[in-house]
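Two chains, two frames, some hints: make the complex.
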Amino acid sequence: MASEMVTIYVMGKAYEVPRDLTIMKAMEYAGYRFIRGCGCRGAFCGACGTVYRTKDDYRLKVGLACQEMVQDEMYLAEIPFFPGNKATYNVDKLKPNSETVLKLYPEVFRCLSCNACTKACPQDIEVMEYVQAALRGDIEKAADLSFDCILCGLCASRCPAEIVQYNVALLCRRLYSAKIAPRAKHLDKRVKAVKRGKFDKELAKLMKMKKSQLAKLYSEREIQKAD
Amino acid sequence: MYTGKILESMKRLEATRGERLHQEIPLLSPDDRQSLLEGFHPDYKEAIFRTLKVGPSKGERTPKEFADVFEAYSAIDPAKFDLSSVDLDVDVLVVGGGGAGAAAALVAQEHGANVLLVTKLRLGDSNTVMAQGGIQGADKENDSPAIHYLDVMGGGRYFNDPKLVEALVSDAPDVLAWLERLGVMFDKEPDGTMTTIHGGGTSRMRMHAARDYTGGEMMKTLRDEVLNHDVPIMEFAAAYELLTDGKKVTGAVLYNMETEEYLIVRAKTVILATGGGGRLHVSGFPTTNHYGATADGLVLGYRVGAPLTFMDTIQYHPTGAAFPEQILGQLVTEKVRSIGGQITNVDGNRFIYELETRDVEAAAVIRECLGKKKGVETPSGQPAVWLDTPIIEVLHGAGTIKKRLPAMFRQYERFGIDMSEVPILIYPTQHYQNGGLKIDAHCETKVKNLYASGEAAGGVHGRNRLMGNSLLDVIVFGRRAGAAAAERAAGIKRAGKLSLDHLSKFHKELKSARVGKGRISPMLLPEYRRPEAAKKKINALA
Ligand SMILES: Cc1cc2nc3c(=O)[nH]c(=O)nc-3n(C[C@H](O)[C@H](O)[C@H](O)COP(=O)(O)OP(=O)(O)OC[C@H]3O[C@@H](n4cnc5c(N)ncnc54)[C@H](O)[C@@H]3O)c2cc1C
Ligand code: SF4
Ligand code: SF4
Ligand code: FES
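Line by line, the protein sequences give chains A and B.
In terms of our numbering, the first sequence is numbered consecutively and its last residue is 227.
In terms of our numbering, the second sequence is numbered consecutively and its last residue is 542.
Here chain B stands alone, though its shape is the one from the complex (with noise of 0.2 Å):
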């Protein structure tokens, strides 16, 4: 399978394996993790971000890929539009069919509202099916809460909004149970105890498994719970903009993926649970997320005027698969690391804890490539190092990887990589949005009747997520998105007047600020045609 330059590295890091079997490599200090995230992690690059000219977090930098879907025009021109017949009218309105969504839907329609779930995709094409690696929750005797509080407080280097931590680690227990009693597979040991190993960061082992297939476990079990509590559902329907009365969020307008007819729907209440937006590939990055991530609840929010918080940090996963080129960016789970799978240079030496954040531990992968470069160059130029897999059979013993990491082993044995026996190679992958729309613990966000949830929202992880409290922040906050937005329903008689004079404002900010009218948003779907195709077309059929 390798050959070359590649074989040779492979062979050097084969002959380290023994005196790399028992060394240990202690974490860096504070300083010295400083120092390594600001000479070499993205979010310290100034060239990469722009400072936002319009809308509610005006005055603030974003990647420049998240500027341009934000400060950028509807698709709709407000003056035009005909709001007058309203296809469809809800107490609360979910968008997005991932974790945060189907358990917000969930939870509203068990608290009595008549809710309606619309996604982009089909229910459950999210980035939550994705997750394999796992959930956290502090459920062991000798973790707590609070020990979990102090992990995800360091994670995020404290700027966390303490509110949104404290609701995560102590709705987690409950979020766990309410996941086992769904019928949710996760691993255990006969007695039932749940089987958990550590992440990075974490300072006791409180990562819950379903095999290497964690967020599709969940998200199986919860899109069918969806499905057998009849909860009104629309697929390739996606929030295009929302309607407000001037102050409060009354609806919004859906559009057809398909048919592109656009529907009306008033709403009491709405709940934005649209995920991340790493197919925006934030220079030029790419990405371990679904097609669908396009960051648009996001533009949505920001329209109506609700802000956005710690969208100058996005998380890249330090171990991206770099080859071969066809599952380039696809995740290679952080589990590998956690069962002893060691990362080394182009010599076979080791040159981090693996078990650093993952800020850190990107940062020290991409010093070592393009710092000391001690990477290993792949055929399509894309420079990577090794994360030896082979080893964790010998920790482990024989068979353990196809055990415990069948999806990741299936995924290299389709492109004839056997990882238990040969290493891998990896790469930063752009992976997730530590930032998103500001709310308070109950989902609000600033704007009035207005929820959002999981990966769209931001301030649960400060400035850096750690891995397994995604999955449990979507469910965590999706149930609490969901029952205060069905909550805050039942005192609303009839959502008020559906307008979109929000937009009309929002559109000559934009023109005063001389954006120029050929750029639109939200993106809805990455534009991954070959150039050529894309551009040589007609709108014959307009």
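Okay, chain A solo, but in the shape it has when bound (with noise of 0.2 Å):
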């Protein structure tokens, strides 16, 4: 089934690929063996951050390499890495405030509300909201709009006011769930009886079993009901 095809310049060179190609798929028809770039092939990595442009249109545009179909007449450059600044700490030792996020990160400060950054997100996210929410100190905001996040780095190439948004989306999930959102006491509960031994002896009893023994025991097990 031939395709029809479409030209693209990677980099600023032409190539003939056929249109129904992902941008990714069309560059290593045209020969490129990626080397960054190129993650997962399946919008979870963030490997692939690609920039572009339309024949005939002034406007930049960015999107995943992975996803992003071909079009005819596309000029395209992967940003395979992007620099941001990342602040070190430890999360234990951080209060889930606005004055954390600002302390490790007063670039937040600068936002512009220019709302850039949301408009680049491949992944639909409402990044100026959680830029703004976790300015705030609404943590639980912020962990929960970006949770999608796949770190490709686009937004921050985006935006004018250098704040690098997936790293502090990053610090506030971390923070919301280990300092904001309630522990899981029966988890907690569970590890002391496994440390305490209770589960020893029935584990170690089936440890033993034949083959056989286990198949038995297995096929009779009783199923809980989902709900």
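Keep in mind that the hints were calculated from the coordinates and are not lab data.
As the structure is a prediction and not an experimental result, all values here were calculated from the model.
Heads up, a few of these hints could be off.
Derived DEER-like restraints, expressed as beta-carbon distance ranges [what the hints assert, rightly or not]:
#  : chain 1 : residue 1 : chain 2 : residue 2 : range
1  : A       : 189       : B       : 110       : 20 to 28 Å
2  : B       : 59        : A       : 9         : 52 to 60 Å
3  : B       : 21        : A       : 97        : 28 to 36 Å
4  : B       : 413       : A       : 221       : 38 to 46 Å
5  : A       : 11        : B       : 81        : 30 to 38 Å
6  : A       : 53        : B       : 59        : 52 to 60 Å
7  : B       : 5         : A       : 179       : 52 to 60 Å
8  : A       : 97        : B       : 448       : 45 to 53 Å
9  : B       : 163       : A       : 221       : 15 to 23 Å
10 : B       : 259       : A       : 11        : 39 to 47 Å
11 : A       : 89        : B       : 413       : 34 to 42 Å
12 : B       : 30        : A       : 97        : 52 to 60 Å
All C-beta atoms, glycine included, are put in the ideal place defined by N, C-alpha and C.
Next up, the structure:
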């Protein structure tokens, strides 16, 4: 099945590629072998941020090379690495509030509310909203809104205030989960029970069983009804 | 979005939705399960295997694509290779920047070791970051490590190594607590209780999740922690060969993926946490795995004499995307079925209970398409069956999919398919390497001072892994490997001499087995260039 061809410009150089390919597959079709700029191939790792422009349009657009389809007369370059600022910290010792965020990432103050980050995000995240939430100290909201972030760096590449949104978001999610969300009490209880050796005997018994005994237990085991 | 025959078939599926809502399909009997597997699971197809003629697992069979990388020469000529200047000297060398590698590095450093983590792509570019569905752990009142144990053994067809399973289920609660403390955003009830659901083959609802980015959320947190602890890391640095003193492992040769320069690392202990081999594309199956999943760690370990185990069983995920072609092979998480998604054939009829173990589920889909000819044919010719997703919204309310499966929803939305309104098309895809390097409960391989953990190791899951037990495995055994390798290193004054004698020996064996010189491994990265483009090249700058 021959498919229609389009012309793309990889860092300015023209290649003919089939129209029904993602940018990533089109570059491979053209003969590129990725070392950088390709990780998961499925929108999970953020390795393949790409900036592009189409013909007769002055606007710069961004997207993930593994997800975005090629278009005719597309001019593109991958940004496989973004030199964003990352603070180092010990989550255990932090308080989940705006002072913490601003101490570690004072540049958050500089947000101009221009929304360029939100427009850039390939994950459709309300990036500016979460930056603003972090600034206000609404850590829970920042964590919730930013949850789907894949650290591609495209937001930061467009930010006039040089904020590294994804690292701020990561801090907030860790703060929320470690410091605000209530702990799972049943988990601590179980950890202690395991340490006390509560299950050792039963496990030891199972470990000694022959295949046939295990198989019998297995097929007779009770299955919890889903609710 | 769907047209022609596919659309017609979809209408039939919609017509049966009402009666399917409360239809109960029982689990298959052990006999039916076995005959289904023997008839349709790729693991039972003799023609895809080859028996190894060389190396520590000589005589065992493995899919041809794996045999091709195990029985291959190194690009290094051991007779000519200069090992005289050591570039780096560490206690523990961790190879691989996924979940197992990150956990191992953190724990080894915590144990006082001088650690170096090297990885082929970036830290976190891995299978771990792609895991969506969840992580198991028996932490609820109605559950216990013993019940978990039985599920794991049954899932693995009782071939699992009991010691490894015991470690897996016993460490699980502590692993979850560790991740919770580090700030992994688990799905919880308002009072902090973990939200848990079923997965294929679980007898209790013990699947914990962070929406449908469970592995991503874990990986982002672990990566952040590695950076916060200033663990020395080197990205785009592949381990290319191990070094030994003749018996014990003493270091490795690293390969800079960009400059092509090599570095010699002396290490008291080495942990292989290089993950799986989906990118070898067994029998041409598409895969869910990340770009660097080329089984390198197995190759390296094999050459120094570490035996493999269960390399004759591969997990095919029953629900890989079959349409549109751009996402062929990518994972449709099992959670879609855990929360009520149903699998139907071209007529809209169910043919298997949705939460059978993966091997059974995959075999049933293959049988429906290839055996019973009841599949849906997609434009690319790829056979498929339906996964009825809108039924989830009928069961749990409108908006459920977008809320509980945001990654899935977005994946399809990008290609113009709203999976909360229309069903999606699926077919099995190569997903997980059940086997790997044989290890003990401290993750040591048969070669002294060489450890392995995570997907690169085998034995924990027997012949079939259950969903959620692998994210658990990588943290349980990543931590164990980190601790054991650091402790061992603490007792070693200085790693012994560095040599490639094992490689000379291995090359000789290959030669006497008449393996052609052209076969080189480890693969490092798959070849996806257009064949004409890849072939027509000049090595001009060599
Ligand atoms: C799409 C998908 C969904 C999944 N969903 C689930 C789930 O819901 N629940 C579950 O339990 N499991 C799931 N799994 C399985 C699970 O995610 C993996 O088995 C597990 O994360 C493997 O972790 P790992 O650390 O062993 O390997 P990986 O995470 O793959 O890490 C291996 C690392 O080693 C690097 N590497 C490879 N070769 C070299 C080399 N030569 N030198 C240096 N570095 C190298 C790789 O680049 C990578 O960084 C899923 C897997 C996939 C692919
Ligand atoms: S928030 Fe920024 S880093 Fe995260 S996915 Fe969106 S654009 Fe990428
Ligand atoms: S791009 Fe930068 S300045 Fe603009 S809204 Fe986003 S964070 Fe604020
Ligand atoms: S390659 Fe991972 S997001 Fe595109």
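Practice problem: Indicate whether the distance between the beta carbons of residue 163 of chain B and residue 221 of chain A respects the range 15 to 23 Å. | Solution: holds (22 Å)
Exercise. Can you let me know if the beta-carbon spacing of residue 189 of chain A and residue 110 of chain B is within 20 to 28 Å?
Key: holds (25 Å)
Exercise. For the range 52 to 60 Å, tell me whether the beta carbons of residue 53 of chain A and residue 59 of chain B fit it or not.
Key: holds (58 Å)
Exercise. Note whether the CB distance of residue 259 of chain B and residue 11 of chain A lies within 39 to 47 Å or breaks it.
Key: violated (20 Å)
Exercise. Just tell me: holds or violated, for the beta carbon distance of residue 21 of chain B and residue 97 of chain A against 28 to 36 Å?
Key: violated (47 Å)
Quiz item: Falls inside 30 to 38 Å, the C-beta gap from residue 11 of chain A to residue 81 of chain B?
Solution: Given about 36 Å between the Cβ atoms, the range holds.
Quiz item: Does 45 to 53 Å hold as the CB distance between residue 97 of chain A and residue 448 of chain B, or does it fail?
Solution: holds (50 Å)
Quiz item: At the C-beta level, are residue 413 of chain B and residue 221 of chain A separated by a distance inside 38 to 46 Å?
Solution: holds (39 Å)
Self-check item: Distance restraint hint 52 to 60 Å, applied to the beta-carbon atoms of residue 30 of chain B and residue 97 of chain A
Solution: holds (57 Å)
Exercise. Kindly confirm whether 52 to 60 Å is satisfied by the beta carbon distance between residue 5 of chain B and residue 179 of chain A.
Key: holds (55 Å)
Self-check item: Whether the CB-CB distance between residue 89 of chain A and residue 413 of chain B falls inside 34 to 42 Å
Solution: holds (35 Å)
Exercise. Could you tell me whether the CB distance from residue 59 of chain B to residue 9 of chain A stays inside 52 to 60 Å?
Key: holds (54 Å)
Against the hints set out earlier in the document, violations occur for numbers 3, 10.
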